[in-house]
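Asks: Take these sequences, add in the hints, and give me the full structure.
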Amino acid sequence: MDANTLWQDIERIHAAAPLVHNITNYVVMNITANALLAIGASPVMAHALEEVEELVALAGSLVLNIGTLSPPWVQSMIRAGIAANKCGIPVILDPVGCGATSLRTTTAQRLLSELSPAIVRGNASEIMALAGGTPDTKGVDSTNSTEECEPAVRELAEQSGCILSVSGATDLIIGQGRTIRVFNGHPIMPRITGLGCTATAITGAFAAINPSPLQAAAHAMALMGIAGAIAAEKSTGPGTFQPQFLDALYNIQKKDIEQRLQVQE
Amino acid sequence: MDANTLWQDIERIHAAAPLVHNITNYVVMNITANALLAIGASPVMAHALEEVEELVALAGSLVLNIGTLSPPWVQSMIRAGIAANKCGIPVILDPVGCGATSLRTTTAQRLLSELSPAIVRGNASEIMALAGGTPDTKGVDSTNSTEECEPAVRELAEQSGCILSVSGATDLIIGQGRTIRVFNGHPIMPRITGLGCTATAITGAFAAINPSPLQAAAHAMALMGIAGAIAAEKSTGPGTFQPQFLDALYNIQKKDIEQRLQVQE
Amino acid sequence: MDANTLWQDIERIHAAAPLVHNITNYVVMNITANALLAIGASPVMAHALEEVEELVALAGSLVLNIGTLSPPWVQSMIRAGIAANKCGIPVILDPVGCGATSLRTTTAQRLLSELSPAIVRGNASEIMALAGGTPDTKGVDSTNSTEECEPAVRELAEQSGCILSVSGATDLIIGQGRTIRVFNGHPIMPRITGLGCTATAITGAFAAINPSPLQAAAHAMALMGIAGAIAAEKSTGPGTFQPQFLDALYNIQKKDIEQRLQVQE
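Chains as they are written, first to last, in the numbering used here: chain Y, 1 to 265; chain Z, 266 to 530; chain E, 531 to 795.
One or more hints might be untrue.
[Claimed, not checked] Cut-off 30 angstroms, straight-line C-alpha distance, at most; resulting in silico cross-link-like pairs (BS3-like, lysine-lysine):
no.	chain 1	residue 1	chain 2	residue 2
1	Y	Lys234	Y	Lys254
2	E	Lys764	E	Lys785
3	Y	Lys254	Z	Lys519
4	Z	Lys519	E	Lys764
5	Z	Lys499	E	Lys784
6	Z	Lys520	Y	Lys255
7	E	Lys784	E	Lys764
8	Y	Lys234	Y	Lys255
9	Y	Lys234	E	Lys616
10	Z	Lys499	Z	Lys519
11	Y	Lys234	E	Lys784
12	Z	Lys499	Z	Lys520
13	Y	Lys234	E	Lys764
14	E	Lys764	Z	Lys520
15	Z	Lys499	Y	Lys234
[As the list claims (entries may be wrong)] Here are a few chain Y residues that face chain Z, going by a calculated C-beta distance under 10 angstroms:
no.	residue
16	Asn30
17	Leu37
18	Ala46
19	Glu51
20	Leu55
21	Val74
22	Ile78
23	Ile82
24	Leu115
25	Glu158
26	Gln242
Quick caveat, the hints were computed from the structure, so don't treat them as lab data. Here the structure is a predicted model, which is why all the values come from computation and not from measurement. Beta carbons: idealized from backbone N, C-alpha and C, even for Gly.
Replies: Below you can see the structure in the form of structure tokens.
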């Protein structure tokens with residue numbers, strides 16, 4: 001990936017306005033919907049068992065996020081995921097809090113094995129737990145670095161065939177025998193709730209228009225990091241960061257990407 | 266309607282602080298509650314079957330919004346709506362995503378027929394689907410203009426006896442043999458999630474203090490459009506728009522309305 | 531309490547980043563999570579019956595808020611609360627809308643009697659209703675002053691052994707035979723949804739690191755009031771207040787507290 005491929009995908013999202021179907025958590029529904037709208041995608045949040053298959057049939061991608069999971073919602077995620085697999089649209093899984101409780105760990109592992117997610121995006125602790133390791137998780141915040149979890153991520157990527165996208169100070173995107181590191185971002189970002197979930201939703205928008213899940217995942221993390229850095233420069237704390245972040249997603253120009261993108265493959 | 270009648274209603278809301286009972290979707294609960302507080306109304310969000318009748322009895326209006334519907338919530342909407350009809354308080358229905366899935370279409374049609382909403386507020390695609398047409402809907406965003414849907418809206422208004430309030434580049438309020446067009450607003454507004462739902466909630470506040478649902482619907486759309494234009498001038502994208510929009514609702518003066526109101530009847 | 535004890539607790543939260551487990555309402559999940567992150571705590575929102583005991587075991591405190599209650603969520607609150615009592619971590623109860631419906635009143639009274647909350651935080655109407663009085667409640671907004679409810683609060687504190695923290699123009703913290711009044715705050719604060727719930731969540735963060743629930747409750751109300759006053763100075767209405775409020779929580783300095791704190795014991 002480079003500035004050209006990222007910009008090309010942003011233009012594709014603007015042009016296609018892909019429908020991204022989210023079954024996600026209560027905390028982040030508003031910010032993830034706003035972030036998707038800001039980049040030109042069309043979000044829909046819908047969890048009723050009775051309608052998820054119909055919505056998946058209209059959608060460009062399906063985002064599953066277990067942040068405030070309960071058994072009926074998991075049932076809907078499974079049904080929607082099976083429909084997405086049948087339709088051939090990419091499933092993006094965010095295993096929020098995997099490792100913190102057995103409900104979360106077993107649910108994330110079940111979604112990974114019963115569905116075929118194109119991309120799994122989480123923090124280092126969550127991905128380590130998903131890989132069967134024992135991370136130092138505390139609730140939904142990671143206490144591991146992406147460096148620590150790299151061997152586990154690599155193994156899980158090989159076993160599962162998924163792209164693994166791990167956010168942290170350095171973002172790590174691993175899959176298909178390749179590794180991309182994204183260095184963009186800002187230290188204030190973990191102090192705002194839902195930015196990880198927003199990264200997952202935006203990954204869904206890129207996956208809807210780019211057939212390579214590796215590129216889609218890397219583009220999403222790079223855009224998040226660049227918009228985050230712009231927002232941090234224009235704000236005075238985590239509160240003013242949020243409106244500036246949505247503005248940065250909305251106003252981003254090719255030159256912002258050319259000047260700021262820091263990736264390594 | 267004119268600037269005087271709109272301002273009079275805003276002052277009534279300030280004075281009466283009507284309780285608006287919302288059974289609404291997860292995505293917009295926060296922004297709609299904040300918008301209602303900003304204009305001086307008193308919002309309550311409550312969906313438990315066990316308490317909706319009691320709350321309706323305290324409320325000035327009932328807002329039903331199917332944005333993240335599931336069968337138990339629909340059951341509560343029905344119970345609350347019947348109670349509202351009995352108490353004689355106005356019901357405002359927002360058929361979010363009507364036309365996108367059969368669950369949404371049948372639920373919206375059921376709420377329209379089993380209850381007697383005073384006002385239905387939606388986008389063009391939703392209202393066309395509610396009228397039995399086949400809109401070009403995509404998820405919850407409209408792909409039809411209010412002009413296209415005008416004949417269907419007129420027919421539905423006659424059949425149902427409701428006021429139909431259709432948001433778009435031009436807002437269309439039809440009912441009781443009358444048609445009001447509101448030209449206020451700003452093109453960035455569809456890029457912020459929940460502004461349609463906010464229009465519905467604010468319609469609820471006006472309906473609580475104005476016995477004419479036609480005027481209430483038109484006043485709400487005009488206030489939304491004027492506050493939206495003010496916010497757009499003070500912001501640099503959809504993120505900074507939101508806080509400015511709530512400030513504009515809170516700070517609006519009679520002269521803002523006099524200078525900006527653009528309506529046609 | 532004084533500026534030194536408050537600042538000491540803020541530093542403790544920064545150092546310990548306590549996990550605060552919230553079973554709370556849909557309207558405020560985002561803002562309360564962001565407020566907890568802004569002060570350096572680590573929020574988790576989780577309501578599934580299957581996982582609440584496991585999360586409580588990791589947490590420093592448990593916040594129960596009935597703002598959009600339904601029977602399954604109450605069941606989870608009970609289970610989590612019993613686990614918290616067993617673990618010896620403090621339970622903070624926010625009886626949102628107590629007095630408005632019998633479901634809310636009986637649920638709040640049940641949570642108070644079946645669990646042993648360390649602190650109950652609500653507005654004057656809610657606390658009067660919880661004490662068995664008949665407040666002038668309207669929905670979830672208080673129509674009583676903290677002065678009016680003081681005798682009822684004092685009695686409830688004695689009967690229950692809880693600390694009662696009542697927010698209003700003057701905040702009243704009563705328990706263990708002591709009374710603390712906090713005069714900080716700003717009149718715009720009731721115009722923003724979820725600030726009461728945010729006070730409760732922040733009370734949870736202080737309770738997680740301070741063994742005195744009286745001090746924890748008073749520190750939380752003082753920090754809320756000071757951050758609210760700072761935010762009000764930097765904003766032009768309830769919309770711009772919110773990002774400024776989170777920034778104020780994040781950026782607060784010892785000198786802000788020394789200059790502004792107004793308490794009486």
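Asks: Check the structure against each numbered hint from earlier and tell me which ones fail, lowest number first.
Replies: Numbers 3, 5, 6, 9, 21, 22, 23, 24, 25 - these are the hints that the structure violates, sorted from lowest upward.
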